[in-house]
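Protein chains in written order, with the numbering used here: chain A, 531 to 931; chain B, 3 to 65.
No lab work stands behind these hints, which were simulated from the structure alone. Beta carbons are placed, not taken as given, at the ideal position from N, Cα and C, and that holds for glycine. Any given hint could be a false lead.
[Said to hold, decoys possible] Examples of chain A residues lying across from chain B (beta carbon under 7 Å, computed):
| no. | residue |
| --- | --- |
| 1 | 826 |
| 2 | 853 |
| 3 | 904 |
| 4 | 905 |
| 5 | 908 |
| 6 | 912 |
[Unchecked claim] Covered by chain A, according to a simulated footprint, are these stretches of chain B (three or more residues, beta-carbon under 8 Å):
| no. | segment |
| --- | --- |
| 7 | 7 to 16 |
| 8 | 28 to 38 |
| 9 | 55 to 61 |
[Stated by the list, open to error] Pair ranges (Cβ atoms, derived):
| no. | chain 1 | residue 1 | chain 2 | residue 2 | range |
| --- | --- | --- | --- | --- | --- |
| 10 | B | 64 | A | 601 | 17 to 25 Å |
| 11 | A | 740 | B | 62 | 45 to 53 Å |
| 12 | B | 31 | A | 601 | 34 to 42 Å |
| 13 | B | 3 | A | 891 | 38 to 46 Å |
| 14 | A | 675 | B | 42 | 27 to 35 Å |
| 15 | A | 768 | B | 62 | 29 to 37 Å |
| 16 | B | 11 | A | 838 | 29 to 37 Å |
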Amino acid sequence: MLDTVTIVGASLAGFWAAETLRRDGFAGPIALIGEEPHAPYDRPPLSKKYLAGELDDDRLDLVPANQLDDLDLDLRLGCRATGLEVASRTLEVDGIAEPFDGLVLATGARCRTLPDTAGMDGVYTLRTRDDAAAIRDALAAGTRRLTVVGAGFIGAEVASTAIQRGVEVTMVEALDTPFGRALGTEMGAVVADVHRSHGVELRTGTGVDRVLGGDRVTGVRLTDGSTLDTDLLVVGIGVVPATDWMEGSGLILNDGVVCDATCLATDRVVAAGDVARWPNPRYEGLMRVEHWDNAVQQGVHAARRLLQTEQEATPFAPVPWFWSDQYDRKVQLAGRTHPDDDVQVAVGSTVEHRFAAFYGREGRFTAVLGMNRPRYVMQAKALLEQDASWDEAQALAADWN
Amino acid sequence: MRVIVDFDLCESNAVCMQIAPDIFEVRDDDFLYILEENPREDHRSTLQEAVQRCPKQAISLED
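Start from the sequences, fold in the hints, and give me the full structure.
Take a look at the structure:
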C-alpha cells in the first residue's frame with residue numbers, strides 16, 4: 531500500500547489523477563508538481579475563445595479554487611522536475627532530490643520549433659496559457675498578416691480565430707494535403723476547403739526554408755523559393771513528449787514513457803496523457819495520444835492502477851477521440867485512421883460542410899469523422915468501442931438515412 | 003439529484019449522450035436536451051463520468 535503519491539505535471543492528466551486518488555479514498559499526502567505558475571487549467575480554449583479575447587483567465591481553471599482546496603493537495607506550482615531514478619525511488623525537483631513512494635508521470639509534451647527562431651519576436655508556438663496570451667495580445671495589437679506553419683488542428687484553430695479578427699492568414703503545410711496526416715487525403719481536402727472558403731490562403735507541398743527578420747520576424751522564405759511577408763508567425767508542427775528530464779531514470783523512453791497496457795511504467799510508477807506510450811489492446815503496437823479526452827481518462831486510469839494490485843489491474847483500451855472548433859464548424863474524429871483506409875460519407879454532405887464520414891479497412895470499421903454532426907459521431911464511436919465490422923457501420927449509416 | 007447543464011458553455015460535443023443516453027440527447031438540430039432532470043440515484047457514477055468528460059465542463063450535479 532502506498533503512503534504518499536507524487537504527481538509530476540499539473541495539467542489535465544495530473545489533475546484528474548489527483549482527483550481520482552481522493553475520490554477512490556486515498557487519504558495520504560498527494561503532491562501535485564507543475565512547471566507553470568498557474569493552477570490546473572484547461573487548454574482547449576487557448577486556441578479558441580481565449581485567443582479571441584472572449585474568455586478571462588479565471589474561466590480557464592479546471593475547477594473552482596474551493597474544489598481544488600477540497601482535494602487537500604500539496605500543490606507545488608512553478609516547480610520543474612529535473613531528474614528521476616526509479617531504482618532508488620528518487621525524484622529531483624529544481625535540482626533537489628526527494629524520495630517518492632507512488633509516482634504519476636504526466637509532464638505532457640513540448641512544441642516543436644523552427645530552427646534559428648529562439649528569442650525572435652513575433653514567433654510563437656501555442657501550448658500554454660502564457661503562449662496564448664502573447665498571441666492574443668499580438669493579434670489585438672494590430673497584426674495584419676499571420677503565417678501559420680503546419681496545417682494541423684492547433685494551427686487551424688489559430689487561423690480560424692485570427693481571420694475572424696480581420697487578419698490576413700496564410701497556412702503553410704509541407705505535405706500536399708492539409709490535415710492529411712490525421713484525416714487522409716479526401717477528408718483533409720474537405721477541411722482545407724472550409725479554410726479557403728473563409729479566406730485563408732493555403733500553401734501546401736512546401737516547407738519553411740528560413741524565417742526572415744532580425745530581432746523581429748518580417749517574413750518566411752519557403753522551400754519553393756517564394757517569400758511571405760508576415761507580422762506574426764505561429765508554428766504548429768507537432769509536439770514531442772516531455773521526457774528529457776527522465777533520461778537515465780531507468781524507465782524506457784521511446785517517443786514517450788513506455789508503459790504496459792495498464793499504464794504502469796515500472797513498479798509504483800504510472801504515466802498518463804501526452805507523455806505516455808502504451809499498448810492499447812484495441813490496436814497494434816504502442817500508442818501515444820495527445821487529445822484532451824485521453825488525458826482525462828488516462829489520468830483516471832493511471833491513478834487507479836497505482837492503487838491496484840497486479841491482479842486487479844485492467845488494460846487501458848479507449849477509442850481515441852478529439853474535437854476541434856474552426857469557424858462555425860465542429861470537427862470530431864473518433865478512432866484511428868490509416869492513410870489507406872476507405873472513406874465513405876455516411877450522412878450529410880461534404881460540400882455543405884455538415885456530414886459524418888466512416889473510415890474502414892479490411893472489413894473493419896476504424897474511425898468516424900464528423901463536421902457539425904456530433905450526435906452521429908458519438909453513435910458511431912459507440913460502435914467503434916464494440917470493434918464493429920464495416921458491415922455493422924453500414925447498417926448504422928442506413929439507419930441514419 | 004438534479005442534472006444542471008450550463009447552456010452558455012455547452013457546445014454539443016455529445017460526449018454526455020454517449021455516456022448517459024437515458025439522460026442526455028443531442029438532436030439533429032445540434033442542441034443538447036436533458037431527458038431526465040432528476041435521475042434516480044443509481045445513475046450517479048455514470049453522471050459523474052459525464053461531468054468529468056464534458057469537454058466544456060458544462061455539466062454539474064446538485065443534491
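Against the structure, the hints:
1. 826: This hint holds: residue 826 of chain A lies near chain B, its Cβ roughly 6 Å from the closest one there, short of 7 Å.
2. 853: Residue 853 of chain A check passes; min Cβ-Cβ to chain B is 6 Å, inside 7 Å.
3. 904: Since the shortest Cβ distance to chain B is 4 Å, the answer is holds.
4. 905: With a minimum Cβ separation of about 4 Å from chain B (threshold 7 Å), the hint on residue 905 of chain A holds.
5. 908: The hint holds - residue 908 of chain A has a Cβ within 7 Å of chain B, the shortest such distance being about 4 Å.
6. 912: holds, 6 Å
7. 7 to 16: That given contact holds, which follows from 4 residues of the segment 7 to 16 of chain B lying within Cβ reach (below 8 Å) of chain A.
8. 28 to 38: That given contact holds, which follows from 4 residues of the segment 28 to 38 of chain B lying within Cβ reach (below 8 Å) of chain A.
9. 55 to 61: As far as the segment 55 to 61 of chain B goes, the hint holds, because 3 residues have Cβ atoms under 8 Å from chain A.
10. B:64 - A:601: 17 to 25 Å: holds, 20 Å
11. A:740 - B:62: 45 to 53 Å: Given range 45 to 53 Å: holds, Cβ gap about 51 Å.
12. B:31 - A:601: 34 to 42 Å: 38 Å Cβ-Cβ, so the 34 to 42 Å window holds.
13. B:3 - A:891: 38 to 46 Å: Distance hint for residue 3 of chain B, residue 891 of chain A holds at roughly 43 Å.
14. A:675 - B:42: 27 to 35 Å: Because 57 Å falls outside the window, the suggested range is violated.
15. A:768 - B:62: 29 to 37 Å: For residue 62 of chain B against residue 768 of chain A, whose Cβ atoms are near 35 Å apart, the range 29 to 37 Å holds.
16. B:11 - A:838: 29 to 37 Å: holds, 34 Å
The structure fails to meet hint 14 from the earlier list, while all remaining hints are met.
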